[in-house]
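Visitor: As a plain string of letters, each chain reads:
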Amino acid sequence: MRFLTLAGKEFADLLAERLYLLAFLVQLLIVVSIGFVAMLYASLANPEVMQGYIPPQQVRIGVAGDSSLLELQGLRSVAVEDASRPWRTLRERRLVALLVVPPGTGGKVELTLYIDNTNVLSGYADAMVSRAVARLEEDLQRKRISELGIEPEAVLNPVKLRVTGSATQPAEFVELFYGLLLPFILLLPTFLAANMTTDAIVGEKERRTYELLLTAPLSYRELVLGKALPIAGVALAQAALWIALLRLRGIEINNTALLLLLLALLDLLFIAAGVALSALSDSIKDANVGVTVVLIFSSLALFLPVSMKSALQELSPVTLMARLASSEAVYLGEIAPGFILLAIAAGGALLMGEKLLEYRENLRV
Amino acid sequence: MSSLAIARRELLEIAGNRKFMLAFGVQTLLLLLLLPAFGNVFESGNLALPSPTLQGFVPLGVVVESDDCDVLLQALEANRRLRLYRFSSPPVEELERGVIAGYLLIPESYREGSLTQLEVVLVLGGGVKSSVAQDAVEESVAEASSRIAAQRRSELELNLESAVSVRREFLRQVVVEGAGGERFSSFFLSYLVPLVLFFPVFMSGGVVLDAIAGERERRTIESLLGAPLSRKSIVSGKFLALWGFVSAEVAVWLLGIGVMGIPVAKPVEAMVLLAGVNALVIALAMALTLYSRSLKEANIALMLLYVPLFVGLIYALSVEFFSPRDFFSYIPFNLISRAVTGEGFSHEVLLQVLLLLGFGTLLCIATAVLLIERDDVVFGSRPGIGRLFSDACEALLGAGFAGGMALALLMSPLVFVTAVLVEVALALLYTGLLGYSAKAVYLTVFSIAVTEELLKLLPLRVALRKQRSWLTARASAAIGAASATGFFIMETLAVGAAVLVVFGIPLTKLLYARATTTLVMHTLASSIAALGLYRRKKLGTVLIVLAILLHAVFNLAVVEVVL
Amino acid sequence: MLGFKLEVMIRFERVTKRFYNVTALRELTLTIERGELFALVGPNGAGKTTAIRLLCGVLKPTSGRVTVAGMDVARDGVRVKRMIGYLPEEPSLYERMTPRQLLHFFASLYGVRDAEDRIEELLALVGMLDKADVRISTFSKGMRQRISIARALLHDPEILVLDEPTMGLDPLTAKELRDFVSGLRGKKTVLLCTHYLDEAEQLCTRLGILHRGRLVAQGRPEELKAELGGAGRDSPTLEEVFAHYTRGSRG
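Protein chains in written order, with my numbering: chain A, 1209 to 1573; chain B, 16 to 578; chain C, 63 to 313.
Treat the hints loosely; a few may be bogus.
Claimed, not checked - DSS-like mimics (lysine-lysine), calculated; alpha carbons at most 25 Å apart, straight line:
1) Lys311(B) with Lys1413(A)
2) Lys481(B) with Lys552(B)
3) Lys1493(A) with Lys311(B)
4) Lys1413(A) with Lys1563(A)
Honestly, the hints are just simulated from the structure, not real lab data.
All values reported here derive from a predicted model rather than from experimental measurement.
Required output: the full structure, derived from the provided sequences and hints.
Guide: Pasting the structure below:
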């Protein structure tokens, strides 16, 4: 198997390249800090999560007018006398928000809430006020309904949900992590593989050793395989390492074998893209530009928050990744179509790349 | 002017390179297509980003025992996060296996047509998706609940107008109206638009590489050097071309953004600032590329420049969005964000920032020129940093007394950073061994004195090694003082920034306080230590020890006051 | 005549190669027999390197056929390549490796048996035994050429293709190389591309002149000279023959 010899040399070349070592370290940094980032986002998106980290006393809300109207429980409500210059008061009294309760009784009450939304805590304050208002509303309505002799809950809140079992991680964190961050992390080595491939082929062209390889008794297929194998291997090993690292940090990742299979197929697909680009490029510079474009398009296709036809979305490798990692078990029949499609795409792309390489045969004339 | 001739040639080369032009065109097209899409997604000002990968994320079992639950079922089916599986009996085994995240039991007693309270039960598994399951089900249940509530209310002919309403007003515009009446969230404007405007700079790496390292590799630089132009003009010519190219790209993008109706409050100021930042980054990239030995090394060097820069950019923009302070607007990234949103933008700050950027750019270009004048840089066998440093020292010291003091000042950042690293390490060591005790504090304080005094002597040591004729006792003391001043400046910059942000003490007050105390101490101690180093022998050692003691006593006094 | 079986080793049948808008070779028809040393000469850009690349299977002809020992290069590329040892104009080698590592790599690719012994033999032959474990990146052009030769001979190929082998070498090394190539006559089939007419005349059994992609003359040196002018002392030099056939061009 001659291509194994080539693969051996290619592997040694990869390891010797300092740039890849740097890329490895950068990925490591990203993986390690990702947990923190996810938590941060979750707390920003859902003020409730922040509750655990910030003592409510830090959230100062000013109230002008009758403060007894609302039970602003657990918040430092500061009485404010003059509400004629709300923004100034906010700044001077260092308030997160200012609630103005107009005087008068009966009829409709319109409250005005001035929010300093440059303050990170403002979302939390807003949520607290909204909740208090809702509670007040409910109380008023409850009174009216029971006056009519009807069970108030049946009209106000007809469907009640009872939950058994408890949740472990906050939902925003889970969604962000498994939906976006984990696929991103796992795809980093794959994205790198495209670059490695173009470097491997176009680099040889530039160094004139490509011609030498072509005179050796090696078919184009063996050439492509010999270069693809070590690259795919390295990319897969990195992904496996990141999974192990994340697990070490206590993050649950399931179905590792299937995940790695999926990534292996994706690696082959991106490597095939790299081969095709190598056939079309005359220099490393051109190849890199090409790779950048491919990567941008891929990222957009995979991560763009645009509603796609659901059927198509089911087949997307990123969706599969999110599901495989987060579910303890999966129905194989559901994930199989995506895998099969990917396998066909990868195989086809490799074949096309190889043919393109053979056809273009461009060398420095 | 030969610089312009070179600049023109470079520009023509870039323009003639079809691949570059293609990349540039593709990027611009992508930008024009994507930006509006993203703008609308963030319109609500809410950060919830629906990722397409989350479709059907939650596998939920549903056990339907009732026959009057259409509203609830509809709500569940419409929820994109859920993937429903119908079971005829509670799927305990599937839940155990983890194929479903939980199941919802709709009991027989659940009748939407009735006027009683309805209850459904959600049983969650132990998997990681249980919270999302709960969230999604709660969402659907709430929706069903409100629909049924409305139904029931109309049935009972109840008129429940809300008695209380809340009107919200935001300090910072959450949503901004564009020219065509579209709405853009402030997150989009203050974060994404500036981010996008920086892309050309980050993608300029390839062009810089080609212009310098590429030419070296292709050996065409030899013909350029043989031509009747100064090496300086080669650098300035290339810089002008690269800067012009990138800035032109940014200008086109800015125009495009404006054309698409996205409101940029101060486009001219933004453009000027962007051009300033571009200039600095490109100058820096040029210097780094010149110093690199090969194309590969240059690649790595540029990566080391761009990645932290990009991370810094994101971080700065985040800070600007979530908790902006006027002090932070001195960071160019933040200032550009303000130029886009129009809030809190100050022209004074703009001028100061431009000055700083210009100064930085000139410094980098000067470095690049110094590098290109060296044959060993241009023709390979690139000199190491040590060699360059040594040569620079020689040059400065050769300029006499003033050069010596300049050297001391220029070395102070290096001295300062080293000192901080050593001090932190020692502090950790002491607290590790002795815990948070008074002993550890005193030891640390003393070590700080020792470390700083010894390190501040570094410039003098370099000067003494080179043996200059003008190096007298007085000169040594002056160099010591200069070193101390440099150190003081570094310390003030570092500490001052922190103090300003945390305690809000204005810079001027702080400077005054420090100048009258710390600066005096530093210069005094360093002068004595410098004399000590100059004298050598026993008297010298005594003087150095004296300086250290002086520093230590001062530090201790400060500690006593603070504690 | 040399008493071995006359057999056609290399045949170009009306081979044309076009690159986009440039025609590098036009209807090249050429036969090289076993044991011959055929010298291909011509100005720059005449198409010599293209012809070599077509022979080695690096490029495919636009029209026509190249056969080696009866096998079509385009179809049986892998088998053909095993028979050919190629010495390119630029000794491009893997800088990161040592000669020994490089030779091991190619030995493995070519399926050479008893690779260890063969490598030692060749290193000794080219006089690079003492540098066998030093990185190639430190070598001079002459040293690289030696390694390149060792590599070309590694699998004991029937056919040797040499592209400007003595270009850029110091006179001593160049002479060594020429003597070596001369010794191959009769034992191997050699295609030699060169700029140096004296080298061509000294070494070859037959000679071909390539001009603007066309083979404008071929035959033994004496034959070509005789065709053009008188015999004996009036016989033209090879330079004159060359100039005659490449008239109207500036290489």
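Visitor: Which hints, by number, does the structure contradict?
Guide: none
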